[in-house]
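Engineer: Take each chain as given, in its own frame, and dock them per the hints.
First to last, the sequence lines map onto chains A and B. Counting with my numbering, you get residues 1 to 99 for the letters of the first sequence. Counting with my numbering, you get residues 1 to 232 for the letters of the second sequence.
Some hints here could point you the wrong way.
Computed, partial: chain A to chain B, Cβ under 7 Å [claimed, not checked]:
hint, residue
1, M12
2, A13
3, R20
4, G23
5, P44
6, V47
7, A49
8, I51
9, V70
10, L77
11, D80
12, A83
13, V91
Pairs of lysine to any residue residues, derived as SDA-like cross-links and limited to a Cα-Cα distance of at most 20 Å, are as follows [unchecked claim]:
hint, chain 1, residue 1, chain 2, residue 2
14, B, K45, A, D3
15, B, K45, A, A68
16, B, K45, B, S7
By construction, these hints were calculated from the structure, which means they are not laboratory data. Glycine residues also receive a C-beta, built at the ideal position from the N, C-alpha and C atoms.
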Amino acid sequence: MTDSFPVLLAVMAAAALLCRVAGFTLMRFVPVSPRVEAALRATPLGVMAGITALAVQRGGLAEGLALAAVVGLTLVLRSDVAAALLGVVVVAGLRWAGL
Amino acid sequence: MSGAPFSLDGFRRGARDGVPLAVSIFAYGVGFGLVAAQAGFGVGKAVATSAAIYSGSAQLAAVNLLQTGQATLWALFAAILVINARYLLFGATLQPWLWQAGPIRAYGSLLLLGDANWLMTMRAIRTGEEDRAYLAGTGAPIAVGWLSGTALGAAAVSVLPRPEALGFDLMLPCFAAGMVTGMVHSRIDLLPVAVGAGSALAVFHLAGPAPAIITAGLAAGAVAALLHRGEA
Chain A
1 MTDSFPVLLA
11 VMAAAALLCR
21 VAGFTLMRFV
31 PVSPRVEAAL
41 RATPLGVMAG
51 ITALAVQRGG
61 LAEGLALAAV
71 VGLTLVLRSD
81 VAAALLGVVV
91 VAGLRWAGL
Chain B
1 MSGAPFSLDG
11 FRRGARDGVP
21 LAVSIFAYGV
31 GFGLVAAQAG
41 FGVGKAVATS
51 AAIYSGSAQL
61 AAVNLLQTGQ
71 ATLWALFAAI
81 LVINARYLLF
91 GATLQPWLWQ
101 AGPIRAYGSL
111 LLLGDANWLM
121 TMRAIRTGEE
131 DRAYLAGTGA
141 PIAVGWLSGT
151 ALGAAAVSVL
161 PRPEALGFDL
171 MLPCFAAGMV
181 TGMVHSRIDL
191 LPVAVGAGSA
201 LAVFHLAGPA
211 PAIITAGLAA
221 GAVAALLHRG
231 EA
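Next up, chain B with everything else stripped away, as it sits in the complex (with noise of 0.2 Å):
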């Protein structure tokens, strides 16, 4: 079962891929600890949180929650299933690759998961990457990067800027942009871009940026399983 290398030499691939990712995650999560300390939290409380739920989005939508003061544990675990609910999807499209790691090094890597080095971790399965350590070390930095901006977001509430100002709001969505225009190599590829374009755009109206993620990838995976010729 184990039979996929898993390298030191791996990880540090995809630690080394994954420290441009870690500064705006260090961005972001200065973001979500001065969200978290206008709420109340201290440092402690911040990291706490950043480490437990480990996603900014559902982070900040549990907080959220909690000022207004009426939030139920249910509440808090539905909202948090329903933002999270991405990650049924990110981990299952790791699975074939990931699981011939074994289980332990398999679910270990998938605390370290998280929307940026999914996506890095698919485009270097991509590319042929055989280490399954990648997928681990791409999520080390970010990890550091994650807490350390809680912690100095929720120390240092007053005396920050905001890092809209600094253009890390857009990181996502600009790896995003150049992943995607590096990954199409032909015309075929197109189609499930514009698929999850479109679909984003339309369920975005209907039901927020959470549902209208899933569904894109739902629909360009389904456009491209029909497309699909027994001989490609």
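Okay, chain A solo, but in the shape it has when bound (with noise of 0.2 Å):
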């Protein structure tokens, strides 16, 4: 690796930002039709259940537990933020006593 420091940043820093702004950039050329919006709107459903999921494959019995607390506090709350914050500490209380 010979490239000075600023050189790797500034390639890096590209490729980030292209992520950025090429989908948002290549949008404004669909037109939105409800079909296309009902598919963004159920977008984030799948990211969501995705990282869910691998969370859930990755993890051990604590991490499955903590995230069904999440599921069933946030029913209960009606709070999402509070039930993820709860989720957090369920699974650092879980893996203190070693599960």
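Structural biologist: So, in structure tokens, the structure goes:
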């Protein structure tokens, strides 16, 4: 690796910036029909479900229990933020307990 | 073109919603700072990396690649493109809403875009958020948390507890699980959830986490588009 740090940084920043703006820019040329809108609305549901599923699969019992608790707490408390923060407490507690 | 509201009020609303996320991003920033310091980055280099790339997963991959000593500029560029390809999806889903704020505000807001505040902003759009400054608002506390966390982690590498011990590594999945639960209002919403989870697991085995998340979003979107009836 002979390149200097500013060069490395500029290359990495360019790649990150490209990802940030390219999808947005391309979408300007896509007419947003109700069908496209339905797809756009469903996309975050898929991403969030995917993130959760991977965390359950990669984690152990503690992670699975904590995420199940988040789902239950969201329904009970009607606040996803409060449920998420409690989920972190749950996983920290379970790990501390050795699960 | 810039008919949509973009006000300090909307920015404040976003910032308030972003604070709980910023706490976890701060812890994640500490984690990246620790890794960067172990790879020989000083505080300045670590913070510069966090500011320039502004994406935890891409930065961790880049630092790992640099540590092998065989990273070329093209390899670094390609690695970040692949890991951050999900931002193509994030930007595309925000576009119809965000573009109405005008190009400067829209592209400026995209600089503060990350996984957590994309989720938060998509949820807010669903519940009728009209103020386009909301996205930048959610990004502001997160950016502060990310950069200050990086600095702390890189500076104090030997005295800090690992963020994993406190459960912070599970923060994003916890938010995702909570938000998806809160966003499912009818039976038809369960289908993209199931498709997203299933396709993520399937692709993860074949290609790893970054393609898995992108596939989850694309598959959920495709299913919703296919099932869409002219009149919902």
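Engineer: Hint by hint, say whether it matches the structure.
Structural biologist: Hints, one by one, checked against the model:
no., hint, result
1, M12, "5 Å, holds"
2, A13, "4 Å, holds"
3, R20, "5 Å, holds"
4, G23, "3 Å, holds"
5, P44, "4 Å, holds"
6, V47, "4 Å, holds"
7, A49, "4 Å, holds"
8, I51, "4 Å, holds"
9, V70, "4 Å, holds"
10, L77, "9 Å, violated"
11, D80, "3 Å, holds"
12, A83, "4 Å, holds"
13, V91, "4 Å, holds"
14, B:K45 to A:D3, "15 Å, holds"
15, B:K45 to A:A68, "39 Å, violated"
16, B:K45 to B:S7, "34 Å, violated"
Of the numbered hints given earlier, the model fails hints 10, 15 and 16; all others are met.
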